[in-house]
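Here is what each chain is made of, one letter per residue.
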Amino acid sequence: METNYIFLSGGQLLIASGLMLLNIGLSLILKLGLAKQWSIAAVRMVGQLLLVGFLLDWVFALNNPFWILGVALFMATIASVTAVGRTQKRFSTIYLNSFISILGAGFFVMFFALSGVLQIDPWYSPQYLFPLLGMVLGNTLNGISLALERFMDSLSVRRKEVEMLLSLGATSWEAAHELIRDALRTSMIPTLNSMMVMGIVSLPGMMTGQILAGVSPGEAVRYQIMMIFVIAAAAAIGSTLVVVLAFRALFNSRHQLLLQRLRTLA
Amino acid sequence: MRTSQKSNPLLSCTNLSRQISTNWIWTEISINLAAGERLALRGSSGSGKSLLLRTLAGLDLIQSGPSSQSGSISFRGKSLAAWEMPQYRSQVAYLAQQPVFFEDTVEANLKQIFEFKAHQNRSYNPQKIKAWLNELSLSTGTNNSAGTDFTDFLQRPAKELSGGEAQVAALLRVLQLEPQVLLLDEPTASLDSELSGLFEKLLKRWQAEIPENNASTPALTAQRSWIWVSHNPEQLRRMCRNTFCLDQENGN
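Protein chains in written order, with this note's numbering: chain H, 1 to 266; chain Z, 1 to 252.
The shape of chain H in the complex, shown without the other chains:
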């Protein structure tokens, strides 16, 4: 890889952070009440990213598969907790289900991308693993939280419809099928839409990053294409897994809908 990019010094970052004064100033002038939040967010963002950079540098240097897997698992855990955090309704095994879904989807597509497509040796090479994993987890998280939210919401709203089907002799799967389909469509449409307009409306972050780092646009695009396929698959697998697991948590083998297991957050 070429290295004809500009190294950013601390002073240069300080200049960039001056833009935040604009945000804070706007908030004060227009009385948006966001000045404090902008400051907190800016400090958090800088702190978190510096920490991540430091951690990744450390893991890169170790280049040990167990440490790399450990950090990857930690990232997956944070993603699965965040996915649940956005939902308004909960059931007792929701965190576990979210974790299993993120892990299942993430493991499958990462294995596919690293071993099947990129054929990297060793497969855990952190230079490839972490950027890919970050994007995979981010998209899977979005898909999972949309699917969960929609499925649980429609179970409560359309309860009568589901129980009507059950009382007419439908199995729980037959009764919930329409809701499962609806939840999966809802979770996949954002990914589908962004794929449709990719490159026209949005220039993806990874591609722009590679271009900044000196990769030719024509080559950066190839990586981006692979990445879009990978994250689309991850989101689809993750949301399907999580909806099936939620279905199993909220119906029992006696084909009963157990809405009492759902608690709405106050």
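Hints listed in this document are in silico derivations from the structure and should not be mistaken for laboratory results. Mixed in with the good hints, there may be bad ones.
Said to hold, decoys possible - Across the chosen pairs, the derived CB separations fall in these ranges:
{"#": "1", "chain 1": "H", "residue 1": "Arg185", "chain 2": "Z", "residue 2": "Thr22", "range": "37 to 47 Å"}
{"#": "2", "chain 1": "Z", "residue 1": "Cys245", "chain 2": "H", "residue 2": "Ser156", "range": "30 to 40 Å"}
{"#": "3", "chain 1": "Z", "residue 1": "Arg122", "chain 2": "H", "residue 2": "Met196", "range": "42 to 52 Å"}
{"#": "4", "chain 1": "Z", "residue 1": "Ala82", "chain 2": "H", "residue 2": "Ile100", "range": "27 to 37 Å"}
{"#": "5", "chain 1": "Z", "residue 1": "Ala81", "chain 2": "H", "residue 2": "Trp173", "range": "14 to 24 Å"}
As the structure is a prediction and not an experimental result, all values here were calculated from the model. Think of the CB as a built atom: it goes at the ideal place given N, C-alpha and C, for glycine as much as any other residue.
Guided by the hints, dock chain Z onto chain H, whose structure is given.
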């Protein structure tokens, strides 16, 4: 604890209790419904009539009672746990107070149930539906000179039916399953008195019929039954022989 005694019950429940948060709605209820029996279920608002029907339909979990004894339900001498739920529910069919349809014609809604695995050996029978609709004087759009002004009932969007028409459509939908026990939750609450009368007549005739496909079992045990919830005491007097009242429970 109250019991309605009958030997060889078709549907029986023992020691059923129901708690919502910390309130006991009813405790240790036992009911025996014989084949051919028409039972009225009475009780003031909030006495848990619908909850009892839902429990009998297997839609709700059976809870353990205040002295933590577990209740049970059995049908045709077989405990609920031994029944395949879809099979059980098409024999002990629950008709909810508020009918629900998906967005399509009435006929598509009636046909929908035959897509279920449990009913794959049955098929939609338009003749039967039309005969029932005739009994209820609801136009089917064909060879009914008096009803030609109506839009064909079966082709109308189910979501646009009036409250009464929707209750009728929901009844026909469940009758297609040829259940042996109907759990009726205020089935005529939205019907005018004329349609309500026809509705009762149809159900009475249906109840008196002996189902054909049960020819192997003795006629007496194949007789149809119902548990009927209504706020109309006259209707319960017309339609039912026995009464089970949930209100006495309050003093317990």
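Verification of the hints:
no.	hint	result
1	H:Arg185 / Z:Thr22: 37 to 47 Å	holds, 41 Å
2	Z:Cys245 / H:Ser156: 30 to 40 Å	holds, 33 Å
3	Z:Arg122 / H:Met196: 42 to 52 Å	holds, 44 Å
4	Z:Ala82 / H:Ile100: 27 to 37 Å	holds, 33 Å
5	Z:Ala81 / H:Trp173: 14 to 24 Å	holds, 20 Å
The earlier numbered hints are all upheld by this structure, with none contradicted.
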